[in-house]
Amino acid sequence: MELPNPVLTAAGCGGTGRELAQFFDVARLGAFVTRSITMAPRAGRPTPRMAETPSGLLNAVGLQGPGVEAFLERELPWLAERGARTIVSVGGGTVAEFTALSRRLADAPGITAVEVNLSCPNVEDRGRMFARDGSAAAEVVASVRAAIRYDVPVIAKLSPDVADIVAVARSCVDGGADALAMINTPAGMSIDVDAMRPTLAAGAGGLSGPAVRPLAVRCVWQAHAALPGVPIIGMGGVTTGRDALELILAGACAVAVGTATFHDPYACPRILRELEELLTERGFDRLADAVGLAHRPAGTGPRGRTDLEESSL
Amino acid sequence: MELPNPVLTAAGCGGTGRELAQFFDVARLGAFVTRSITMAPRAGRPTPRMAETPSGLLNAVGLQGPGVEAFLERELPWLAERGARTIVSVGGGTVAEFTALSRRLADAPGITAVEVNLSCPNVEDRGRMFARDGSAAAEVVASVRAAIRYDVPVIAKLSPDVADIVAVARSCVDGGADALAMINTPAGMSIDVDAMRPTLAAGAGGLSGPAVRPLAVRCVWQAHAALPGVPIIGMGGVTTGRDALELILAGACAVAVGTATFHDPYACPRILRELEELLTERGFDRLADAVGLAHRPAGTGPRGRTDLEESSL
Amino acid sequence: MAGSPVQMTGTVLTTRRVDAYHALTVVAPGIADRFRPGHFVTVAAGGRDTSMLTRRALTVHDVKPDYGGTVELVFAVRGAGTAWLAEVKARDTLDLVGPLGRPFPLPRDPCTCVLVGGEYGSASLFALGDALQTRGCRIDFVLGATTAERVFGALRARRMGETTTLTTEDGSLGMRGKVTDVLPGVIADARADVVYACGPMAMLRGVTAVAVEFGIPVQVAVEEHMACGIGVCMTCVVPVIGEDGVTRMLRACVEGPVFRGERVRFDDVGTIPFDALGAPGGRNV
Amino acid sequence: MAGSPVQMTGTVLTTRRVDAYHALTVVAPGIADRFRPGHFVTVAAGGRDTSMLTRRALTVHDVKPDYGGTVELVFAVRGAGTAWLAEVKARDTLDLVGPLGRPFPLPRDPCTCVLVGGEYGSASLFALGDALQTRGCRIDFVLGATTAERVFGALRARRMGETTTLTTEDGSLGMRGKVTDVLPGVIADARADVVYACGPMAMLRGVTAVAVEFGIPVQVAVEEHMACGIGVCMTCVVPVIGEDGVTRMLRACVEGPVFRGERVRFDDVGTIPFDALGAPGGRNV
Ligand SMILES: Cc1cc2nc3c(=O)[nH]c(=O)nc-3n(C[C@H](O)[C@H](O)[C@H](O)COP(=O)(O)OP(=O)(O)OC[C@H]3O[C@@H](n4cnc5c(N)ncnc54)[C@H](O)[C@@H]3O)c2cc1C
Ligand SMILES: Cc1cc2nc3c(=O)[nH]c(=O)nc-3n(C[C@H](O)[C@H](O)[C@H](O)COP(=O)(O)OP(=O)(O)OC[C@H]3O[C@@H](n4cnc5c(N)ncnc54)[C@H](O)[C@@H]3O)c2cc1C
Ligand SMILES: Cc1cc2nc3c(=O)[nH]c(=O)nc-3n(C[C@H](O)[C@H](O)[C@H](O)COP(=O)(O)O)c2cc1C
Ligand SMILES: Cc1cc2nc3c(=O)[nH]c(=O)nc-3n(C[C@H](O)[C@H](O)[C@H](O)COP(=O)(O)O)c2cc1C
Ligand code: FES
Ligand code: FES
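Chains U, V, X and C supply the protein sequences, listed in that same order. Mapping of the first sequence onto my numbering: residues 1 to 313, in sequence order. Mapping of the second sequence onto my numbering: residues 1 to 313, in sequence order. Mapping of the third sequence onto my numbering: residues 1 to 285, in sequence order. Mapping of the fourth sequence onto my numbering: residues 1 to 285, in sequence order.
No false leads were mixed into what you were given.
Label pairs and their computed distance ranges (CB to CB):
1. X:ASP92 x V:ARG82: 46 to 52 Å
2. C:THR146 x V:VAL123: 44 to 50 Å
3. V:TRP78 x C:GLY68: 33 to 39 Å
4. U:GLN22 x X:GLY68: 19 to 25 Å
5. U:ASP289 x V:PRO121: 29 to 35 Å
6. X:ARG78 x C:ALA148: 51 to 57 Å
7. V:GLU276 x U:ASP289: 55 to 61 Å
8. U:PRO4 x X:GLY68: 35 to 41 Å
9. U:ARG242 x C:ALA148: 29 to 35 Å
Everything labelled a hint here was simulated from the structure, so no lab data went into it. Even for Gly, the Cβ is constructed at its ideal location relative to N, Cα and C.
Kindly generate the complete structure, drawing on both the sequences and the hints.
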């Protein structure tokens, strides 16, 4: 998967692309990642669907969307026409649904990659999400991988709500994932102390934004350390070029921007510009040289300044 | 376990008690929870041990402490003398260590409860923390329960870094835990993009502060829903009385305050005062009436105003 | 794209208290230019290093040509974001995105319009009134609130409107009661052709019911919790019946905030109606 | 408890730029009262609803009796917190906790003291100098920095000190080089009895080495990352050798920031020395 630049939208945070196109040319994105597309149309969860928390946002949208047919008819062609590279995020409640969905996407033109949203509840396992269990996750990934054209990469999107992210990542790679995306939103909740009820109609929701960035950096770091050859799309609280670089130094080769776009519609192109400046300042010719660089053993840094600081401690 | 009020210090966030006593009388705390006491003295982790993140704090202190003998000699008697109720947090690397430690504490006077820090790495399981696995956690809890006097409650302190907090909570209760404390800090990381290294010397650390409150509320909610009879001490990002009430409405019967004390040394007594005001405003005579109240089915609220608002939606 | 929104940093020109509300006038030419009545903006609250991630949606009360174009915002303090906004001072800057949303549609031909406002919802009616009068429409105002100091714009309504009827729930100003108590009379007296309304959901429901009874169209501007305001987050949805009779969860920020009242399923706001497109267990069209 | 710290909200009296630094004078009687040279305060940065949770530690440069007692802080902008502090204006309020830490111990009898400051570290030396002179001590200053505008307090040092020697790494002020290059000469010329030093760790290490060579005591004020400043978080530890010869990880905020230089294991800062009390795999005393 060759992308012209490493800044993508995060699934479910860029609408259909048309909304963002009011602010900037979506072809300038490394790729446009769709919201998670489901087989049938979905109305999602009742409102309120959002709650603000300190440096975070809880959401419970419930994968509202028009279903794969409408997506293929009205959304994907528009993105292709605009010259956007499209990564289609897919969601489902059973392995069979993921398979059917992938088959439907298999010969659609203009799909750069497929991202598998493993945070969907598994209706056959009491609604527990696939991502919590390596074997359930791997089964979904394998089913998608089998259905999608061999030259279209399959990305497994993981949740931080597990005891061992590396184990799940490894299972997904063994199941055929070409790349990993992390992190999806950890489950959180907020309670309105005046109404004395959960703020979200759905009760719990997914936590995003800078509050979760330390979790994202840690997950990316662990996965990159354990599986250095596997490309990782890092996400979770990226709002500036520095945040993007943090995930890249931890091991991501691309970053996705979600919640930041809600605050700044130009977030993606701005973050790309800031990231490029930071890389230039640090003398990197290629992004690849920065990927995972923070893993280098102490004392082997390429930067004089860094070493000096370290030796002065 | 009867406490005069529901606001406690969080383990590892109140020093020896003496430091806070400069600001307020530690007997005014619901209880003083010690840092996790270990068998032998521990020097902890190298510095930097802290990094600030958005609305959060990463720490990797590594349970620095003087060991149980020095604790019993110099710290516990001082707390008793000051009239503080002391909950002793215990940490260890093996079940045997927890057992030995609990035996050493068994006949020490002035211990209100023992809290088992299950986020310690299990040296017999490749350093994975006990809390990530129900059976490992239960084994530790059972070993402590067996050693500690029957009338001293044992509290299991859980980590949110699991796929199913309820399963771990249930195992701990089955293993003999009289109460639960949640949440300990989820693992996080930050990278200094100038030095291009992890900010913490230890690499990863534990994330605390308001950033994690939505995770804490969700964990408390889930545990209270599944195990309504088990008392829960809620913690994670409590900085105001409203935050404390949020955890109480989710199901906590007491709250602990950690990171907030670093910013405001008077945080505990202030939060207690604010909480009491909020409870009075809402017409609660007893804290117990508020515990878990947000779980009541929609439409059954005791508050006229709330119902009105809801019906107007 | 003439109507497309922009992000800009505007200097605050003036701040005022207006009874229970705060009013800010901000220099924002790019937004003022494109403004049509019913548009809103989103404001970044809290400043640099804030813990508040989401923008706050505020209706544009007025635009003026001064300084290349200004927008006036009127708001009540609700939580931390509006509390912060209330402390903004002249010469501070504000980060705005706008104009956003689907504005009030205007009638092609002159007609008689009743403009109903509840609480700060009245704020969006005066620019609308201007536009209607420019088109030769007659306008009548009905403004209500819980109590006198929460009725916004009574004076201006009296100056603009053919008639102005005020209601407060405590009777401290105008008639004691709700706007819906007086609305039938106002519609009948004015022989109104159309109703426009902005205010709390419960009021919009009531106003819609009255308009439906009279068999006249009603345009309502709704409020739902918004995380983005630009149509990408899907948090602000409301159940709305389409031309085809199918209920869809539509985004208040881009498909609204103005909807035809009789199309909004007010009783089902805050739920997913079982017959909505894609409802769980419902028919999947 | 005379020395015990307090939390207070102080009004900012003045703000100034001093070369590369910012200086704030804040009304804080309770802190000024209790101040002794070497004390620091912690400042809440970012205001209400900020995403910055931890206070920033700043040495108290000076206290004055005005307005019941003021403290002066001098700081360099490093990250978000100090950037915020740099924008604080007169009449704003600041939330302070202090005075904190173990201050510089003063000699019982009059003697000759060399005061060595690096970068903003010099700021803590003038109150110390006053106290020493009050006790009849002779004081000599050695101040250094990378470049001229980062040398803090040269003028005041010239007024107070018997001698004042300045160094800059780029030679833009005083001697080209480091304070440790000139320190032996100053100690020898003054026949100094004791050295006090405040500045970056590397400088403190060098100064300590020189003092040890001369066989005179040295008191250093160290800097380590602090999350609380009041001794409860254990993040600010430094390896220090005790009277009993055992190395312990001591908290810079309460057991320091001032330590006897020769007791601080500078080469091991940022590590847990293998022979420290409770070191992993080490002896467990
Ligand atoms: C289209 C539109 C126009 C509006 N115009 C005005 C106006 O002119 N004057 C005015 O006083 N208020 C207006 N509101 C409501 C205003 O947006 C909320 O009062 C405000 O966002 C509350 O922010 P807070 O920080 O004070 O409250 P908090 O409760 O702290 O807000 C938390 C989060 O919830 C969101 N939120 C909370 N309540 C609402 C709400 N009612 N609508 C949308 N988002 C909400 C906030 O944007 C924020 O993201 C409008 C809302 C919408 C949707
Ligand atoms: C006892 C003591 C006295 C000090 N006196 C002064 C002074 O007089 N003038 C001055 O300019 N600076 C002083 N410092 C350093 C000052 O505390 C840091 O520059 C400041 O905290 C950086 O905050 P920031 O928000 O700009 O940087 P950030 O990097 O954003 O800070 C992030 C976090 O790390 C902590 N931190 C970062 N660097 C340091 C550091 N060097 N020491 C302690 N904590 C740090 C901050 O407190 C904050 O919690 C002193 C430090 C200590 C320990
Ligand atoms: C409103 C909202 C909707 C989302 N929808 C999806 C989705 O459909 N599929 C998915 O895989 N992730 C979804 N996510 C998760 C994001 O893609 C991303 O993983 C997460 O928000 C962390 O990134 P951020 O902090 O930059 O937002 C959604 C997040 C938000 C906030
Ligand atoms: C510096 C620091 C040290 C801590 N030490 C311990 C500890 O020794 N044992 C323990 O169980 N938890 C420890 N914790 C976790 C806290 O007790 C608490 O669970 C967590 O910080 C969440 O609460 P807070 O957000 O209020 O800080 C520590 C937390 C911090 C920030
Ligand atoms: S507020 Fe985001 S889609 Fe409407
Ligand atoms: S800064 Fe917390 S113990 Fe020193």
